[in-house]
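Line order of the protein sequences matches chains C and S. If you count the first sequence from 1, position 59 lands on 59 in the numbering used here, and the numbers rise without skipping. If you count the second sequence from 1, position 81 lands on 81 in the numbering used here, and the numbers rise without skipping.
Be aware that a few hints might be false.
Here are the simulated lysine-lysine pairs, DSS-like style, with alpha carbons at most 27 Å apart [unchecked claim]:
no.: 1; chain 1: C; residue 1: Lys130; chain 2: C; residue 2: Lys65
no.: 2; chain 1: S; residue 1: Lys48; chain 2: S; residue 2: Lys104
no.: 3; chain 1: C; residue 1: Lys130; chain 2: C; residue 2: Lys77
no.: 4; chain 1: C; residue 1: Lys130; chain 2: S; residue 2: Lys108
no.: 5; chain 1: S; residue 1: Lys77; chain 2: S; residue 2: Lys65
no.: 6; chain 1: S; residue 1: Lys65; chain 2: C; residue 2: Lys104
no.: 7; chain 1: S; residue 1: Lys65; chain 2: S; residue 2: Lys133
no.: 8; chain 1: S; residue 1: Lys108; chain 2: S; residue 2: Lys65
no.: 9; chain 1: S; residue 1: Lys108; chain 2: C; residue 2: Lys108
no.: 10; chain 1: S; residue 1: Lys48; chain 2: S; residue 2: Lys65
no.: 11; chain 1: S; residue 1: Lys108; chain 2: C; residue 2: Lys77
no.: 12; chain 1: C; residue 1: Lys48; chain 2: C; residue 2: Lys133
no.: 13; chain 1: C; residue 1: Lys108; chain 2: S; residue 2: Lys133
no.: 14; chain 1: C; residue 1: Lys104; chain 2: C; residue 2: Lys65
no.: 15; chain 1: S; residue 1: Lys130; chain 2: S; residue 2: Lys48
no.: 16; chain 1: C; residue 1: Lys48; chain 2: C; residue 2: Lys130
no.: 17; chain 1: S; residue 1: Lys133; chain 2: S; residue 2: Lys77
no.: 18; chain 1: S; residue 1: Lys108; chain 2: C; residue 2: Lys133
no.: 19; chain 1: C; residue 1: Lys48; chain 2: C; residue 2: Lys104
no.: 20; chain 1: C; residue 1: Lys77; chain 2: C; residue 2: Lys65
no.: 21; chain 1: C; residue 1: Lys77; chain 2: S; residue 2: Lys48
no.: 22; chain 1: S; residue 1: Lys48; chain 2: S; residue 2: Lys133
no.: 23; chain 1: C; residue 1: Lys65; chain 2: C; residue 2: Lys108
no.: 24; chain 1: S; residue 1: Lys77; chain 2: S; residue 2: Lys130
no.: 25; chain 1: C; residue 1: Lys104; chain 2: C; residue 2: Lys77
no.: 26; chain 1: S; residue 1: Lys130; chain 2: C; residue 2: Lys108
no.: 27; chain 1: S; residue 1: Lys130; chain 2: C; residue 2: Lys130
For the record, the hints were derived by calculation from the structure and aren't laboratory data.
The residues making up each chain are set out below.
Number of protein chains: 2
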Amino acid sequence: MEALNGLLSLDQDMVREGDVREGEVIVDMPPARDAGLVFIGRIRTPWKSRLETPRQGRQDGPVCKLEIFEPWVPAIKGVDFYENLEVIYWLHQSRRDMVLQSPKNNQKTRGTFSLRSPVRPNPIGTSIVKFVKIEGNCILVRGLDCLDETPLLDVKPDRCEFTPLAPPQAGDFETE
Amino acid sequence: MEALNGLLSLDQDMVREGDVREGEVIVDMPPARDAGLVFIGRIRTPWKSRLETPRQGRQDGPVCKLEIFEPWVPAIKGVDFYENLEVIYWLHQSRRDMVLQSPKNNQKTRGTFSLRSPVRPNPIGTSIVKFVKIEGNCILVRGLDCLDETPLLDVKPDRCEFTPLAPPQAGDFETE
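Chain C with its partners taken away, still in its complex shape (with noise of 0.2 Å):
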């Protein structure tokens, strides 16, 4: 309870609002128009500000509800065959031009793609969680460490669970 109380009173400098630390890098942001993405639905969590959400998720966590959308609420069918799905979302708050940080804020800097920090040129989070169940058009897991009203891009059984059923190809017989 003292380490929480303790984290609790801590201040804004502890969560990224936009702002670049010393020794941060950020560079021209090329225009993000290499592909497009489409929400299929949103993420329900009890975390509605970046004070509170968790660095990282826990199995033992609040559930938290996959929201699905129309056109996709059939492609729900199926996911109950497994016990850990893997999460794919938008972190839409993240600035994304940032290749060097510094997350402890003390002037030493690591590059971006050494971190799981949701700055990054495309703001993708990956999760994965504990199926609970579905609920009509959702979806219900443990695990997210995401904010509220986070938008959904896919869902899918994790690797380490899934079989693939179509036959295999050539490639997968390949060694080095």
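Take the given structure of chain C and dock chain S to it, following the hints.
Quick look at chain S alone, frame taken from chain C:
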């Protein structure tokens, strides 16, 4: 070898080239304009056709190259700290309007969200790969299963290996 020869002699119908099979359901695809992507690089693999690509990558598979474009090259800094990386890419040859699919082409269908098929509303592929080395603007890895020239969207440390550098937040302690 017999298995491999058998595979190579299989005809086109094992590969989805935009066809719709019995029982499969397509929908009116809404315009994909909710968010825009920037291709940050290009993936070089040995597989030039969808007839050859593995269904799933293997960690003893051939070394593949993630070519990073400017202005993102500095963001590579620090990826060599990790043994495993998550690679996110754009499955540029996939149709996007299918909600029920028949991977075995046997009239039985499954929802798109219960498959790891490349055919999905947002054709985003994710793989966990073994880091090999950095070479100039390229990251060399093993374990991919995508076509040569696949557009690259993101690279991040594997979630299992990554400990957030930023301080924890209240949500990290929430259970139910």
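Now the hints, each set against the structure:
1. C/Lys130 x C/Lys65: Answer holds: lysine 130 of chain C to lysine 65 of chain C is near 12 Å, not above 27 Å.
2. S/Lys48 x S/Lys104: 23 Å, holds
3. C/Lys130 x C/Lys77: 17 Å, holds
4. C/Lys130 x S/Lys108: 26 Å, holds
5. S/Lys77 x S/Lys65: Measuring from Cα to Cα gives roughly 16 Å; hence the hint holds.
6. S/Lys65 x C/Lys104: 31 Å, violated
7. S/Lys65 x S/Lys133: 10 Å, holds
8. S/Lys108 x S/Lys65: 37 Å, violated
9. S/Lys108 x C/Lys108: 54 Å, violated
10. S/Lys48 x S/Lys65: Given pair lysine 48 of chain S, lysine 65 of chain S holds - Cα atoms ~14 Å apart, limit 27 Å.
11. S/Lys108 x C/Lys77: Cα-Cα ~12 Å, so holds.
12. C/Lys48 x C/Lys133: Cα-Cα ~23 Å, so holds.
13. C/Lys108 x S/Lys133: Within the cut-off at roughly 23 Å; holds.
14. C/Lys104 x C/Lys65: 31 Å, violated
15. S/Lys130 x S/Lys48: Holds, at roughly 22 Å.
16. C/Lys48 x C/Lys130: It holds: about 22 Å lies between the C-alpha atoms, which stays within 27 Å.
17. S/Lys133 x S/Lys77: 12 Å, holds
18. S/Lys108 x C/Lys133: Holds - the C-alpha atoms of lysine 133 of chain C and lysine 108 of chain S are around 23 Å apart, at most 27 Å.
19. C/Lys48 x C/Lys104: 23 Å, holds
20. C/Lys77 x C/Lys65: 16 Å, holds
21. C/Lys77 x S/Lys48: 33 Å, violated
22. S/Lys48 x S/Lys133: OK: lysine 48 of chain S and lysine 133 of chain S at ~23 Å, within 27 Å.
23. C/Lys65 x C/Lys108: 37 Å, violated
24. S/Lys77 x S/Lys130: Status holds; Cα separation ~17 Å.
25. C/Lys104 x C/Lys77: Measuring from Cα to Cα gives roughly 43 Å; hence the hint is violated.
26. S/Lys130 x C/Lys108: 26 Å, holds
27. S/Lys130 x C/Lys130: 25 Å, holds
Checked against the numbered hints given earlier, this structure breaks hints 6, 8, 9, 14, 21, 23 and 25; the rest are met.
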